[in-house]
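Asks: In order, the protein sequence lines correspond to chains A and B.
Per the UniProt record's numbering, the first sequence starts with residue 1, numbered consecutively.
Per the UniProt record's numbering, the second sequence starts with residue 1, numbered consecutively.
Hints listed in this document are in silico derivations from the structure and should not be mistaken for laboratory results.
Here the structure is a predicted model, which means the values were calculated and not measured.
Ideal Cβ positions, reconstructed from N, Cα and C, are used throughout, including at glycine.
Check each hint, because a few of them may be wrong.
[Stated by the list, open to error] Straight-line alpha carbon distances no greater than 30 Å define the calculated DSSO-like cross-link-like pairs of lysine-lysine that follow: (1) B:K178 <-> B:K198; (2) A:K340 <-> A:K400; (3) B:K176 <-> A:K469; (4) A:K469 <-> B:K178; (5) B:K176 <-> B:K84; (6) A:K81 <-> A:K469; (7) B:K252 <-> B:K133; (8) B:K177 <-> A:K469; (9) B:K73 <-> B:K88.
[Claimed, not checked] If you want the ones that stay clear, here's a sample from chain B, every Cβ over 10 Å from chain A, calculated: (10) V131; (11) R145; (12) S146; (13) H147; (14) A172; (15) I181; (16) Q224; (17) L276; (18) R280.
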Amino acid sequence: MAISCFSSSLLPPLRFRSPNPNPNPKPKTLAPIRASFSDPFVLSIAEKLEDSLPSSSHPSLQTLRSLSSQSLLSKPWPSRKDEPFRFTDTSFLKAAQIVPVSSSNPSANHTFDSPSSNLLVVVDGHPVPSLSRLSSIPSGAFVGPLSTLPPGPALDRVLAVASSEFPDGDLFWDLNGLGTPDVVVVYVPERARIVDEPLHLVVCSAEGEDVGSGRLPVSNPRVLVVVEKGAELTILEEHLGIGECEGRCYWANSAMEILIGEGGKVKHSYVQRQSSNAAHIKWTFARQEAASTYEIVEVSIGGRLSRHNIHIQQLGPDTVTEMSAFHISQSNQIQDLHSKLVLDYPRGYSRQLHKCIVSDSSGHAVFDGNIKVNRYAQQTDAGQLTRTLLLAPRATANLKPNLQIIADDVKCSHGAAISDLEEDQLFYFQTRGIDLQTAREALVFAFGKDVITRIHYAPLRETLNSRFKELLAAK
Amino acid sequence: MALPLSSPAPCFAPSPSPPKTPPRNSFLITIPTPHRRRRCRHGAVRAAVAVDSPSAEGGGLRAETPNVFLEVKDLRAVIKDSDKEILKGVNLTINEGEIHTIMGRNGSGKSTFAKVLVGHPDYEVTKGSVVFKGENLLDMDPEERSHAGLFMSFQSPVEIPGVSNMDFLRMAYSAKKKTEISPIEFFHYLLPKLEAVKMDTRFLDRNVNEGFSGGEKKRNEILQLAVLEADLAILDEIDSGLDVDALQDVAKALVGLMTPKNSILMITHYPNLLDLISKRCFVHIMEDGLIVSYYQELHIKNCCRNLRSSFPVLKYELQSPTLEHFRQGSS
């Protein structure tokens with residue numbers, strides 16, 4: 001029922017750029033027509049991805065793949081002329097020879113540890129049960145590959161959620177759907193709680209190429225989270241390169257889909273610390289039923305090209321949504337956050353905080369934060385704030401905070417600030433005997449700590465704080 | 001050592017109105033003769049006026065030769081990137097253990113003077129000299145001035161989100177000690193200081209000045225002063241925006257911190273605080289970038305009465321409703 005609300009509220013589909021001016025394009029029927037307009041580069045990636053996967057997959061994966069490939073055909077590789085990629089240069093990917101990761105090795109040579117008793121490891125897109133440990137998952141809940149989910153109401157529910165369409169998904173969303181070897185399913189039944197021992201999801205890349213090789217192995221991890229009515233989940237999602245991957249080139253193209261049932265609560269901490277030569281493109285697509293709460297805290301410090309797309313769709317009234325993000329762009333790094341929150345029901349509450357530090361002349365930050373308050377979303381309370389510190393000459397930030405408000409009884413605020421550190425604050429430190437360098441470091445650290453302290457799990461928070469300190473010291 | 005204008009000079013002058021004592025003489029006369037001080041105290045007042053310098057007798061009853069802490073000569077300063085001159089030749093000498101107050105109208109240059117002393121980047125010194133404990137203050141960075149023992153409490157201290165008071169104080173203390181102080185060691189050092197300014201340990205977990213009330217901000221400044229144990233504290237309107245109780249707290253905290261060794265330069269519109277501190281002090285009047293006069297060692301009530309009659313510009317301040325008793329005293 002909730003799903004039907006979703007699709008009806010979004011008609012007509014927003015994307016699907018059509019070369020022929022058909023007023024009512026229906027994506028599925030039009031896909032074959034547009035095949036002739038397909039981008040050969042995209043087609044070649046799609047073909048390679050298809051070839052790399054075993055043909056005898058789970059039937060539900062087959063559905064996902066065919067849906068994705070159909071939708072993919074109409075989407076060319078993004079260029080700077082497309083609004084969502086206006087400031088984000090993906091030519092580095094296009095210039096590389098993109099190859100799917102070899103499907104063979106869910107390598108067990110690595111060991112992972114987590115302070116939480118619930119750890120699930122995904123290597124190059126493959127969930128690896130042998131590296132995982134799920135010791136305090138409540139009964140009725142399921143965490144693991146879709147292919148191992150036993151038939152029953154949980155599977156039916158998961159399949160129903162998985163097969164719903166996402167019209168705002170871009171090329172990378174579809175590539176992920178096409179190329180994922182298996183979907184990690186997190187299913188939390190009604191009123192169950194996974195909170196005190198959060199679910200720690202480590203998504204890592206083990207296959208990388210040397211910088212000069214021109215080859216770029218791509219992996220497509222995909223996670224589906226279903227949190228039923230009144231249930232609660234705290235999930236820590238960490239993305240990184242392991243083993244020989246550190247410092248090498250690879251492309252992690254991941255996606256996460258979240259459905260939160262009525263009154264459900266999801267606290268989502270997302271940490272991206274990929275290799276400094278990696279590309280990281282990530283989708284987070286969340287849907288919230290009535291009176292549900294979704295909090296996402298993002299800390300992105302790695303990658304050469306890092307792009308996070310968040311799309312949050314309200315499926316009922318009285319939802320609470322909080323988004324916080326902290327990015328650091330150092331030399332030759334792009335950190336990009338494109339977020340969209342669509343409110344269609346009354347009394348939604350949302351807060352968004354985006355913070356970014358660009359610490360090098362060749363660093364680049366991009367933020368496009370869209371909040372859409374539609375006609376029926378009366379008494380919405382939405383706030384958005386973006387702050388960027390540019391710490392080097394010629395450092396670049398492109399920020400586009402935007403609120404689209406159609407309802408007339410709403411409270412919305414937004415703010416954007418791009419600056420260096422405050423002179424007054426620095427001087428205050430100095431008059432207390434603290435030298436400029438130390439003062440700058442303290443202020444920069446405080447700037448990021450503001451978001452890091454929101455991470456939903458203390459041990460992870462500590463790790464991040466010390467990593468952040470190391471990063472500042474390394475400069 | 002820069003001692004040219006130190007107090008003993010006038011004592012040796014043959015008449016109550018000596019010519020400006022040339023600096024070279026001071027070297028000769030700084031050899032102390034312990035009995036002379038008390039005798040020439042009153043004569044010294046006038047004499048010191050003539051050399052634009054309050055004498056050391058304000059510190060008063062101490063027996064040893066007072067040290068000159070701060071000596072400002074003909075200080076001129078402009079707002080950077082504009083030629084607007086704010087300070088137009090300020091002279092001031094502060095000795096060890098003395099309390100000085102600068103009063104004057106809004107815009108007369110009091111706060112600018114304080115900021116210039118601690119090296120605020122918005123101002124540029126165009127002329128004059130500032131010697132602090134024998135060193136040229138103008139050559140130093142703001143943090144070096146702090147290490148040398150100069151402290152300024154801000155009129156409206158800036159908020160520093162994300163930096164806890166504890167971390168900030170420890171950073172400042174470590175910088176002063178030139179070594180990293182461990183949190184536990186520092187906490188032991190800090191506890192008595194907190195008690196002295198009547199602050200709760202919860203203050204330490206809050207971010208520096210973030211969401212502090214006016215009184216809390218001022219007390220936080222005093223706490224920083226206590227931690228840094230500065231020799232000369234410049235308090236820029238430490239009493240503004242405080243209610244009666246908060247003012248009492250601040251005054252008590254200040255009295256608690258005062259030793260015969262440290263000096264205070266206060267900038268204020270209201271003599272209440274002086275009254276609460278109830279110590280001898282020097283009162284300077286600033287007008288249009290110049291210190292035009294000063295009163296030395298007067299009891300505060302008399303001081304205000306005199307100020308009022310001599311300086312109509314201060315009338316308003318001295319008649320402010322919070323100064324009921326001064327009004328009664330003068331009418």
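Asks: If a hint holds in the structure, say so; if it does not, say that too.
Replies: Consistency of the hints with the structure:
1. B:K178 <-> B:K198: Satisfied, since the Cα-Cα distance of roughly 28 Å is no more than 30 Å.
2. A:K340 <-> A:K400: 12 Å, holds
3. B:K176 <-> A:K469: 23 Å, holds
4. A:K469 <-> B:K178: Status holds; Cα separation ~21 Å.
5. B:K176 <-> B:K84: 35 Å, violated
6. A:K81 <-> A:K469: 38 Å, violated
7. B:K252 <-> B:K133: 27 Å, holds
8. B:K177 <-> A:K469: 23 Å, holds
9. B:K73 <-> B:K88: Roughly 11 Å separates the two Cα atoms, so the pair holds.
10. V131: 19 Å, holds
11. R145: Its Cβ does come within 10 Å of chain A, the nearest being 8 Å, so this is violated.
12. S146: Answer for B:S146: violated, closest chain A Cβ roughly 4 Å.
13. H147: 5 Å, violated
14. A172: About 4 Å separates B:A172 from the closest Cβ of chain A, which leaves it inside 10 Å; violated.
15. I181: 13 Å, holds
16. Q224: 6 Å, violated
17. L276: Holds: least Cβ distance 25 Å, greater than 10 Å.
18. R280: 28 Å, holds
When the structure is compared with the earlier hints, violations turn up for hints 5, 6, 11, 12, 13, 14 and 16 and for no others.
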